[in-house]
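Chemist: Taking the hints into account, I'd like the entire structure generated from these sequences.
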Amino acid sequence: MAALGGRGRAAAALLRRGPGTAPAAILAAGPRRHRHKEKWATTAPRVPSTRLALHHFDTSYSLHLGALWPSVRAGLLCEQKYGALLNNFAAVDHVPQELELLNATDFIFEAHQKVQQWQRGAAVGEAARGCQEGSGEGRTVMQAEMMAQAEMSPPPCASISSKIKCYTFPRGDITRFRPARPTSLGLLDYYLMDAASLLPVLALSVQPGDFVLDLCAAPGGKTLALLQTGFCGHLAANDVSISRTKRLYEILHSYVPKEVRDTVSVTSYDGRDWDQVKGGTFHKVLVDVPCTTDRHSAMEEHNNIFHKRRTKERQMLPMLQLELLMAGILAAKPGAELVYSTCSLSPLQNEYVVERALDIAEAQFDIRIHVEDLSHFRTLFQDTFSFFSDCRLGELVLPHLTANFGPMYFCKLRRM
Amino acid sequence: MAGRAVLRGAGRALLAGPALPAGPGPCPRRGCGEVAALRAMGFSQEQAQRLLALQPRLGPERREAAAAQLLLLGLNAEAALELLERSPALLRLPTERLRERAEELRRLGLDGGRLQRAVSRCPQLFHVPRKRLEAAVRLLRERCLFTAEQLREVLRTCPTVLLEEPRTLHHQFQYAYFRMGVQQKEMVKARLFQTPFAELRNRHIFLERRGLYETPHKGQTQTSNPKLKDILRLPEKDFLASLAYSTPEEYEVFKKLLAREEEEEEEEEDVDALYTEDDDDDDDDDDDDDDGLDSDGSKTVQD
Numbered sequence: 000m001a002a003l004g005g006r007g008r009a010a011a012a013l014l015r016r017g018p019g020t021a022p023a024a025i026l027a028a029g030p031r032r033h034r035h036k037e038k039w040a041t042t043a044p045r046v047p048s049t050r051l052a053l054h055h056f057d058t059s060y061s062l063h064l065g066a067l068w069p070s071v072r073a074g075l076l077c078e079q080k081y082g083a084l085l086n087n088f089a090a091v092d093h094v095p096q097e098l099e100l101l102n103a104t105d106f107i108f109e110a111h112q113k114v115q116q117w118q119r120g121a122a123v124g125e126a127a128r129g130c131q132e133g134s135g136e137g138r139t140v141m142q143a144e145m146m147a148q149a150e151m152s153p154p155p156c157a158s159i160s161s162k163i164k165c166y167t168f169p170r171g172d173i174t175r176f177r178p179a180r181p182t183s184l185g186l187l188d189y190y191l192m193d194a195a196s197l198l199p200v201l202a203l204s205v206q207p208g209d210f211v212l213d214l215c216a217a218p219g220g221k222t223l224a225l226l227q228t229g230f231c232g233h234l235a236a237n238d239v240s241i242s243r244t245k246r247l248y249e250i251l252h253s254y255v256p257k258e259v260r261d262t263v264s265v266t267s268y269d270g271r272d273w274d275q276v277k278g279g280t281f282h283k284v285l286v287d288v289p290c291t292t293d294r295h296s297a298m299e300e301h302n303n304i305f306h307k308r309r310t311k312e313r314q315m316l317p318m319l320q321l322e323l324l325m326a327g328i329l330a331a332k333p334g335a336e337l338v339y340s341t342c343s344l345s346p347l348q349n350e351y352v353v354e355r356a357l358d359i360a361e362a363q364f365d366i367r368i369h370v371e372d373l374s375h376f377r378t379l380f381q382d383t384f385s386f387f388s389d390c391r392l393g394e395l396v397l398p399h400l401t402a403n404f405g406p407m408y409f410c411k412l413r414r415m
Numbered sequence: 000m001a002g003r004a005v006l007r008g009a010g011r012a013l014l015a016g017p018a019l020p021a022g023p024g025p026c027p028r029r030g031c032g033e034v035a036a037l038r039a040m041g042f043s044q045e046q047a048q049r050l051l052a053l054q055p056r057l058g059p060e061r062r063e064a065a066a067a068q069l070l071l072l073g074l075n076a077e078a079a080l081e082l083l084e085r086s087p088a089l090l091r092l093p094t095e096r097l098r099e100r101a102e103e104l105r106r107l108g109l110d111g112g113r114l115q116r117a118v119s120r121c122p123q124l125f126h127v128p129r130k131r132l133e134a135a136v137r138l139l140r141e142r143c144l145f146t147a148e149q150l151r152e153v154l155r156t157c158p159t160v161l162l163e164e165p166r167t168l169h170h171q172f173q174y175a176y177f178r179m180g181v182q183q184k185e186m187v188k189a190r191l192f193q194t195p196f197a198e199l200r201n202r203h204i205f206l207e208r209r210g211l212y213e214t215p216h217k218g219q220t221q222t223s224n225p226k227l228k229d230i231l232r233l234p235e236k237d238f239l240a241s242l243a244y245s246t247p248e249e250y251e252v253f254k255k256l257l258a259r260e261e262e263e264e265e266e267e268e269d270v271d272a273l274y275t276e277d278d279d280d281d282d283d284d285d286d287d288d289d290d291g292l293d294s295d296g297s298k299t300v301q302d
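Heads up: the sequence lines are chains A and B, in that order. Residues 0 to 415 (numbering that gives the first Met the number 0) make up the first sequence, in order. Residues 0 to 302 (numbering that gives the first Met the number 0) make up the second sequence, in order.
Honestly, I wouldn't trust all of these hints.
[Unchecked claim] Computed spacing ranges between beta-carbons, pair by pair:
hint, chain 1, residue 1, chain 2, residue 2, range
1, B, Tyr244, A, Arg45, 29 to 37 Å
2, B, Gly218, A, Arg180, 49 to 57 Å
3, B, Ala272, A, Gln79, 26 to 34 Å
4, A, Gln96, B, Ala272, 40 to 48 Å
5, B, Glu264, A, Ser267, 49 to 57 Å
6, B, Gly108, A, Ser388, 50 to 58 Å
[To be verified] Computed footprint of chain B on chain A, listed as stretches where at least three residues anywhere in the stretch have a Cβ under 8 Å from a Cβ of chain B:
hint, stretch
7, 60-72
8, 76-88
9, 397-407
[To be verified] Straight line, CA to CA, 20 Å or less: simulated EDC-like cross-link-like pairs of lysine to aspartate or glutamate:
hint, chain 1, residue 1, chain 2, residue 2
10, B, Lys255, A, Asp172
11, A, Lys113, A, Glu354
12, B, Lys254, A, Glu78
13, B, Lys255, A, Glu78
Derived by calculation from the structure, the hints in this document are not laboratory data. Quick reminder that beta carbons are idealized off the backbone N, C-alpha and C, glycines included.
Modeler: Structure (structure tokens):
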């Protein structure tokens with residue numbers, strides 16, 4: 000026994016490695032609850048999957064994100080930030096007050112305010128410009144601001160559904176939300192989730208009476224958000240995994256009253272076969288595909304897609320994602336809108352899949368797809384989230400310590 | 000040198016002010032004799048009075064002896080006085096103790112100007128029990144395997160190691176050695192023990208999670224890790240800008256998150272300890288794997 004080494008729990012604690020560390024020994028100790036207990040396991044991991052995942056990310060993302068990568072990496076390896084999606088079905092009038100006292104705010108409401116301000120600013124900007132012609136000088140600060148705002152006027156269709164309410168703590172504030180509680184109606188008051196997951200749902204912009212398809216619905220956060228709009232005429236929530244669909248059922252039962260649950264049909268088809276079941280019938284389609292779940296893969300050993308035995312599965316992901324997106328396209332009516340989303344930073348699972356789908360839709364099915372510009376989203380939500388500004392198509396929320404949401408990629412398409 | 004200092008002090012006193020207290024000036028009730036004695040040692044009028052104000056009930060011999068002892072160490076009158084003002088309890092120590100401790104410190108490598116600076120900055124060096132002092136030294140030599148030369152350098156730059164609980168020192172050393180893969184030589188250059196442990200950990204883990212620091216594998220000698228001295232000795236702003244490529248906002252949030260992680264890991268461990276019996280075996284496994292640097296370590300022992 001070396002003099003250098005220590006003994007006992009104190010030494011072990013010292014050598015305990017948190018997220019993202021290289022094992023000097025074969026027994027790499029992670030956060031204790033995931034620490035591999037050799038005595039009880041039958042196969043010891045030689046190199047943890049999280050380590051493999053990080054290595055993979057270091058190689059590909061440092062290229063893609065450049066100087067942004069160190070910040071994103073640190074974000075992935077630290078505790079993520081949550082948002083509280085209010086349950087409109089649960090009579091939660093007291094909850095906004097409670098959360099606001101803690102300094103949390105509804106970021107969707109704030110974005111909504113911004114849009115209105117812009118629209119007002121655009122009108123005033125016109126007037127200010129008119130005055131300016133006359134006076135020539137002495138433009139007040141306020142006038143200048145309004146002119147600046149008018150310069151970046153939102154596209155005509157920028158409307159944010161203000162039915163969905165989600166509270167988050169401000170940038171840099173790491174306070175946690177208390178667990179959800181049932182209200183007098185017996186339904187839970189809010190659902191804690193990565194707030195970035197709401198952006199694909201907001202982008203989809205469900206309109207009253209829409210038939211909505213959520214092709215890979217489990218575990219159900221986005222499905223719940225879709226229902227919160229109150230606009231779904233009918234919601235088809237599908238997921239190939241029966242065990243994950245169980246979770247979806249639980250969420251529906253804990254959050255949604257019976258009359259609304261009756262508008263939801265939960266199915267377990269392989270999403271790729273969807274078009275054979277019901278082609279061309281939906282107004283809105285959400286394709287939130289299985290991906291390498293980057294944050295999970297960097298932190299959790301359990302069920303990690305970077306484990307050696309899942310290599311084939313992982314390599315087949317882009318193919319699977321493409322097939323799912325194609326199925327979603329075929330399930331959409333002409334004129335319908337789709338949102339494709341992942342929780343990975345990888346362009347191979349993001350832009351590349353969308354681009355391939357556009358090509359195939361045109362070449363094989365004679366379907367033209369238009370990519371909708373979401374850059375105004377970035378402007379609207381940049382106080383809450385950290386966005387990547389260089390996506391070829393779609394938008395990407397980057398984890399950042401001050402706003403540790405994401406990763407979340409989303410891209411909006413319209414079937415012509 | 001001590002004698003010269005006393006003379007220099009005396010000379011200054013002669014030049015400074017009147018040799019005897021002037022008319023209306025205050026003459027301490029305890030007698031001008033005391034003042035004169037102190038003046039003779041090299042303290043000015045004003046300094047003598049400040050000295051008398053400390054521990055007023057102390058007998059004059061004790062006061063003079065303590066002051067003399069400090070002057071002998073090479074401190075000038077003002078430095079000695081400031082030291083006593085910062086730590087009046089020194090006057091209470093038997094002068095023998097002051098002398099012995101100074102000897103011990105000298106033997107450890109703190110001599111001349113180093114000793115003066117060390118005790119001036121750190122009066123506690125006189126108070127700390129001898130056992131603690133010896134334990135710290137023993138730890139650094141026998142368990143951390145610093146060479147005698149390295150130890151002297153550590154003491155020169157971080158005399159406070161002599162005041163630390165050996166367990167704390169060891170913990171910090173082990174962190175740098177095993178967790179960061181840093182050798183003793185680099186630790187000395189980086190003045191490892193000058194940095195509080197929390198700060199060491201914050202900066203290291205911040206770099207690690209950003210992908211800018213990697214614990215070297217067994218046997219790996221070269222890494223592209225930043226040097227420990229740069230990590231620790233750069234002021235925070237520069238550390239963030241040039242090593243971590245980050246911003247103060249990011250780092251502030253990180254520190255909070257890490258502190259919370261630490262807290263919760265400790266709670267979990269406490270809970271685990273309640274339920275797992277075989278804990279110690281697990282830990283021994285870890286030790287066996289990680290401390291294989293034993294042979295390397297012993298090679299560096301030179302004395």
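Chemist: Does each hint fit the structure? Answer for all of them.
Modeler: Going down the list of hints, with the structure as the test:
One distance hint, 29 to 37 Å for the beta-carbon pair B/Tyr244 and A/Arg45, holds here, with the actual separation near 32 Å. Against the hinted window of 49 to 57 Å, the Cβ-Cβ separation of B/Gly218 and A/Arg180 comes to about 54 Å, which satisfies the hint. For the pair B/Ala272 and A/Gln79, the beta carbons lie near 28 Å from each other, so the given range of 26 to 34 Å is met. Judged by the Cβ atoms, the range 40 to 48 Å given for A/Gln96 and B/Ala272 holds: they are separated by roughly 41 Å.
At about 39 Å, the CB distance of B/Glu264 to A/Ser267 disagrees with the hint of 49 to 57 Å. Checked against the hint of 50 to 58 Å, the pair B/Gly108 and A/Ser388 passes, with Cβ atoms roughly 57 Å apart. Counting residues of the stretch 60-72 of chain A whose CB falls under 8 Å from any CB of chain B gives 6; the rule of at least 3 is met. Interface restraint, the stretch 76-88 of chain A with chain B: holds (3 residues with C-beta to C-beta distance below 8 Å; minimum three).
For the stretch 397-407 of chain A, the stated coverage by chain B is satisfied: 3 residues place a CB nearer than 8 Å to a CB of that chain, which reaches the threshold of 3. Among the hinted pairs, B/Lys255 with A/Asp172 is consistent with the structure: their alpha-carbon atoms are about 9 Å apart, no more than 20 Å. Of the pairs offered as hints, the one joining A/Lys113 and A/Glu354 is violated, with about 32 Å between alpha carbons and a cut-off of 20 Å exceeded. Taking the CA atoms of B/Lys254 and A/Glu78, the gap is near 12 Å; set against the 20 Å cutoff, the hint holds.
A distance of roughly 11 Å separates the Cα atoms of B/Lys255 and A/Glu78; the hinted pair therefore holds under the 20 Å criterion.
The structure does not agree with the numbered hints 5 and 11 stated previously, though it agrees with the rest.
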